[in-house]
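In order, the protein sequences belong to chains Y and L.
Taking the working numbering, the leading residue of the first sequence gets 34, the next gets one more, and so forth.
Taking the working numbering, the leading residue of the second sequence gets 487, the next gets one more, and so forth.
It cannot be assumed that every hint is accurate.
Chain Y side only, calculated, beta carbon under 10 Å to chain L, not exhaustive [to be verified]:
(1) Tyr-114
(2) Gln-158
(3) Leu-176
(4) Leu-198
(5) Val-237
(6) Ser-241
(7) Ile-243
(8) Leu-244
(9) Lys-250
A partial selection of chain Y residues facing chain L, derived with a Cβ cut-off under 10 Å [what the hints assert, rightly or not]:
(10) Ile-180
(11) Ile-200
(12) Leu-229
(13) Gly-232
(14) Met-236
Far from chain Y by the CB rule (all over 10 Å, computed), these chain L residues [claimed, not checked]:
(15) Thr-505
(16) Ala-628
(17) Arg-675
(18) Arg-703
Treat the hints as calculated values from the structure; they're not laboratory data.
Cβ coordinates follow ideal geometry from the N, Cα and C atoms, glycine included.
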Amino acid sequence: MIKSIFALLKKDLLLEFRQQHSFYGILLYIASTIFVLYLSINNPEGDVWNGLFWIIQLFVCVNAVAKSFLQESKGRMLYFYTISGAKEFIIAKLIYNILLMLIMSLLSLGLFFILLKNPLDNTLQFIGIVCIGGISISLVFTLLAAIAAKAQQNAALMAIMGFPLIIPQLLLLIRLSKVAFGEIFREGALLQLSLLIVGLDIMVIALSIILFPFLWKD
Amino acid sequence: MRKSWWKILAAVLLIYTFTAGFLIKVPLIGNLKETIRNLFFHVPMWFGQIILLTTSLVYSILYLRKPDLRRDIYASCFAKTGILMGILGLITGAIWATYTWGEPWSNDPKQIGVAIALLIYFAYLVLRNAITDIDKRAKISAVYNIFAYFIYLPLIMILPRLVESLHPGGKGVEGNPGLNGADLDATMRLVFWPAVIGWTLLGTWITTLNIRIYLIRDKNLLNAK
Chain Y
34 MIKSIFALLK KDLLLEFRQQ HSFYGILLYI ASTIFVLYLS INNPEGDVWN
84 GLFWIIQLFV CVNAVAKSFL QESKGRMLYF YTISGAKEFI IAKLIYNILL
134 MLIMSLLSLG LFFILLKNPL DNTLQFIGIV CIGGISISLV FTLLAAIAAK
184 AQQNAALMAI MGFPLIIPQL LLLIRLSKVA FGEIFREGAL LQLSLLIVGL
234 DIMVIALSII LFPFLWKD
Chain L
487 MRKSWWKILA AVLLIYTFTA GFLIKVPLIG NLKETIRNLF FHVPMWFGQI
537 ILLTTSLVYS ILYLRKPDLR RDIYASCFAK TGILMGILGL ITGAIWATYT
587 WGEPWSNDPK QIGVAIALLI YFAYLVLRNA ITDIDKRAKI SAVYNIFAYF
637 IYLPLIMILP RLVESLHPGG KGVEGNPGLN GADLDATMRL VFWPAVIGWT
687 LLGTWITTLN IRIYLIRDKN LLNAK
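Modelling step: build the complete structure from the supplied sequences, incorporating the hints.
Dropping the structure here:
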């Protein structure tokens with residue numbers, strides 16, 4: 034099982050390296066969005082900066098993760114169906130999307146620092162939160178991308194389904210990020226929030242693994 | 487399902503709710519005054535909504551275990567009535583809030599939670615409409631329904647407890663996110679629980695009617711199986 038997960042993951046990564054247009058496409062998407070932000074709001078306050086950052090993450094994720102399933106043609110899916118199981122396939126996709134989203138999140142954080150200054154008190158802590166956030170968002174959108182791909186719809190349907198579903202996590206993340214802006218939390222609240230996010234992540238992974246096999250078969 | 491005793495029970499309980507709910511003596515607490523009677527209408531909507539959406543979830547799970555279009559119709563109809571009860575709960579809540587908190591919408595965590603919940607289930611309806619193939623629609627919307635329910639539940643069960651809220655049961659306040667059970671006056675309890683059962687039964691009744699319409703409309707499809 035682990036072997037086939039690695040094989041599928043390797044195939045996705047190789048595909049990413051060889052068809053660089055999609056990777057660079059998302060990069061350009063991030064760069065131009067943040068540049069537009071820079072032109073429209075120069076030097077935003079901490080709260081605005083925080084809100085904007087997470088909203089941008091959301092849009093990046095929709096674009097980056099959406100194609101992970103939409104790019105697989107029907108014939109290729111049939112091929113995967115013959116060589117591996119549904120669980121292996123979704124786990125490989127989850128890992129791949131986490132990796133992709135981590136890279137994108139950290140790159141957009143870098144661009145935010147360059148263009149919109151750095152209002153953070155504790156940059157290292159925020160980087161940690163960004164990693165957790167990137168993972169959570171990409172997990173939720175992986176299964177949604179699978180649903181949207183099955184419905185043979187474009188990314189619009191994914192946004193309609195995904196935005197309400199991601200709000201709990203996004204609110205928790207925005208709340209948690211405030212610690213990096215120097216806000217003092219109640220004792221234990223920080224741990225409670227982080228555990229809640231991790232708990233939600235574990236639940237989403239479990240649901241993806243349980244539910245994907247049903248989508249897989251046609 | 488077609489036995490009528492529970493429909494009569496629903497009607498009797500709701501008549502009781504409307505008469506007793508407006509006539510009994512209620513304790514006058516703080517700025518709630520007489521608006522506390524809204525407890526018999528606003529809170530049961532949420533009980534009803536959760537129960538109906540949970541029923542919808544159960545039918546979605548059943549559908550995935552054994553694909554049968556009837557189960558898909560059940561799941562979607564229960565979800566629709568759940569949405570209806572959510573909208574009614576939002577309206578009754580907004581009316582209540584106008585007189586106690588001063589404005590219909592004050593960005594209370596639970597108001598936000600409900601707004602998100604409605605968005606999630608509207609997306610369920612959009613998804614259903616977006617797929618034309620019937621079997622595919624049933625399967626995909628069942629998967630989404632299950633996924634959405636398990637994200638929706640922590641949203642209303644955990645998040646409101648963590649933040650300050652105007653509702654009972656927020657941070658530092660006793661009680662669950664729905665209401666503070668221990669606070670409920672003994673006479674009010676006599677109306678409140680029958681009201682919950684009455685409204686839930688009414689919701690189920692509406693759903694069964696809707697289900698029967700769909701079953702007749704898709705008669706040919708269902709029998710062809």
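Hint-by-hint comparison with the structure:
1. Tyr-114: The hint is violated - Tyr-114(Y) has no Cβ within 10 Å of chain L, the shortest such distance being about 16 Å.
2. Gln-158: Where the cut-off is 10 Å and the nearest Cβ of chain L is about 20 Å from Gln-158(Y), the hint is violated.
3. Leu-176: 6 Å, holds
4. Leu-198: 5 Å, holds
5. Val-237: 8 Å, holds
6. Ser-241: Hint on Ser-241(Y): holds, closest Cβ of chain L at ~8 Å, below 10 Å.
7. Ile-243: 8 Å, holds
8. Leu-244: 5 Å, holds
9. Lys-250: 9 Å, holds
10. Ile-180: 6 Å, holds
11. Ile-200: With Cβ-Cβ at 5 Å, under 10 Å, it holds.
12. Leu-229: 7 Å, holds
13. Gly-232: Holds - the Cβ of Gly-232(Y) comes within 10 Å of chain L, reaching about 8 Å at its closest.
14. Met-236: At 6 Å from the nearest chain L Cβ, Met-236(Y) passes the 10 Å test, so the hint holds.
15. Thr-505: 39 Å, holds
16. Ala-628: At about 8 Å from chain Y, Ala-628(L) fails to clear the 10 Å cut-off, so the statement is violated.
17. Arg-675: It holds; Arg-675(L) is separated from chain Y by about 32 Å at its closest Cβ, greater than 10 Å.
18. Arg-703: 22 Å, holds
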